[in-house]
Amino acid sequence: MAKTRDENFWEGVRWLGFGATFMFMVFPIFWMVLTSFKVARDAYSTKIIFTPTLNNFIHIFQDPYNFGPLLFNSLIVSFCTVAVAIPAATGAAYAFSRFQFRAKNGLMVGVLSSQFVPPVVVVLPFFILFKNLHLLDTRTALVILNLSFVLPFTVWMVKGFIDALPADIEAAAVVDGCNRFQVIRYVTLPLIMPGVVTSAVFGFIQSWNEFLFALILTNQKAVTLTVGLMGLQTDKGILWEHMAAASMLIMVPIFIISLTIREYFIEGLTMGAVK
Amino acid sequence: MRNQEKYVNWVLLAPALLILMATTLYPFIYSFITSFRHWRLTRSPVPGGFVGFDNYIRAFGDAGFWNSVWVTVVFTVISVLLSMLIGLAIALILERATKLNTMMKSLLIFPFAMAPALKGFSWRFMLNPDYGILDAMIDAVFPFMKDVVWLGEPYWAVFWLAMTEIWGWAPYIALVFIGALGALPRETMNAAKVDGATTFQVFWYITLPQLMPIIVMVGLLKTIFSVKMFDQVVTLTGGGPGRSTETLNYYVYNQGFKFYDMGYASALAYILVTTMFIFAFIYVRFLMKGDQD
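Just so you know, the protein sequences line up as chains A and B, in that order.
All the letters of the first sequence, read from the start, carry residue numbers 1 to 275 under the numbering used here.
All the letters of the second sequence, read from the start, carry residue numbers 1 to 293 under the numbering used here.
In case anyone wonders, no lab produced these hints; they're calculated from the structure.
Among the clues, some could well be false.
[Claimed, not checked] With a straight-line Cα cutoff of 30 Å, these simulated DSSO-like cross-link-like pairs (lysine-lysine) come out:
| id | chain 1 | residue 1 | chain 2 | residue 2 |
| --- | --- | --- | --- | --- |
| 1 | B | LYS6 | B | LYS289 |
| 2 | B | LYS228 | A | LYS104 |
| 3 | A | LYS47 | B | LYS146 |
| 4 | B | LYS193 | B | LYS99 |
| 5 | B | LYS146 | A | LYS104 |
Because the structure is a prediction, the values reported are computed rather than measured.
All chains should be built: construct the whole structure from the sequences, respecting the hints.
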């Protein structure tokens, strides 16, 4: 079928839109990447051609910025949050997906709604509690609070993956005399592994990017990377070349892991939200 | 077997429920109680007496509070509408599964996966009147805007704050819509085309109505997350110029952690929670309906 004038017109619009989307999505990131390789003088200009340097990446790990410990804190906090969240979420997701019980709907609504509690509401009481328990400025405090938003999301996400798995597959194992925990361990879990990994990655990213809790609860020992950026604001203004290098430190690991599991990532993200 | 099965679900649920009770239910109740108390953390480490609805009444006479409500409404409307529109446009552009489009879909993950705090800083850098690249681009196209200091003008500051949010969310919304578009039945669209409908007519009369349920869901979800937005206020504008980008969230934060007025901050937080839960309630109703089908 030959293309009509109408179709040709929209084909043109589509290509223009494609270009615009590309610019809009990529440019802010591209500019940060470029700036991270500039010396200070070039960073405060709109130059595209310049002599690149790696000094910014070295400087942020030295005094007075010391991003090394911050990187360590971010890693530990995100890792521990996921290590607690994923087993708990998988259990709950399985129960929601496979069992019928009276309180089920109410509990599911509860889990879902807990995502919508504004973080600032969560942090007020915990600030006081942690103050009394001398847990302010610790990684433990951050892990506990990060669970408040990572856990509900991962329950919902893992549930989506279990829902997609036909229950008949498990029935065969039950007939063979396995109890429920054995079924989960040997049948269900291996089959939903990609989904569990995706949820874990997503939980990791959310913790890694978390800002408000760390801003309020930490000031020295447990400061994470995102809050560390605040330290690059000086009396003379923001040190943009260092800011850009620190941004790379935050962005690049996230970009790499989300690309490696790209397909599941898109599926998992879009599945839970709308059905 | 039967007997054992009976409690398995509770064993599986227990860890998650216990953690959620501790991390969301506990603060939820604690804040509620605190919202009826007088408590300045700077003066006393223990809560003061109950003051009834005083904290809530105070909010209604507080110009700063009303300002933050207004800012939140403007921000939410701009960011929801534009991120949905741009998201839908991107979805229509990338709808067909060509190689190029698949590559572009991977790129869409980047703005979405970027830390919100970083979004604020990166846009602040690009908007700087002296060396910002975006400012330079806009000035080149619209010379009459040369003197506009983007983050120094109240309305522009809110707009750019919304822009950081749109930049991160439009790609996510696009991915959701691409999934939805792929699941639509093709027959009606093809039939309409054979009957001579234009591309726009097919979109407007066939595709769009079919997408409506998803558009509503995404709209609600985005509204909730827009009201929750916090990080970029700190990193893009710091609430300024003046108070023009102080969202309700940010205002609660200031009352609680700058002035350490726990009672008042809790009351404000509860006003925020109530508004959020109206949207959340509708969203959850829609979502659970889908779950039972």
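Hints and how they fare:
With a C-alpha separation of about 26 Å, the suggested pair LYS6(B) and LYS289(B) falls inside the 30 Å cut-off, and the hint holds. Under the criterion of a C-alpha separation no larger than 30 Å, the hint pairing LYS228(B) with LYS104(A) is consistent with the structure, at around 27 Å. Between LYS47(A) and LYS146(B) the alpha-carbon distance is near 19 Å, which keeps this suggested pair within the 30 Å criterion. Between LYS193(B) and LYS99(B) the CA atoms are separated by roughly 25 Å; this keeps the pair inside 30 Å, and the hint holds.
Of the pairs offered as hints, the one joining LYS146(B) and LYS104(A) is violated, with about 59 Å between alpha carbons and a cut-off of 30 Å exceeded.
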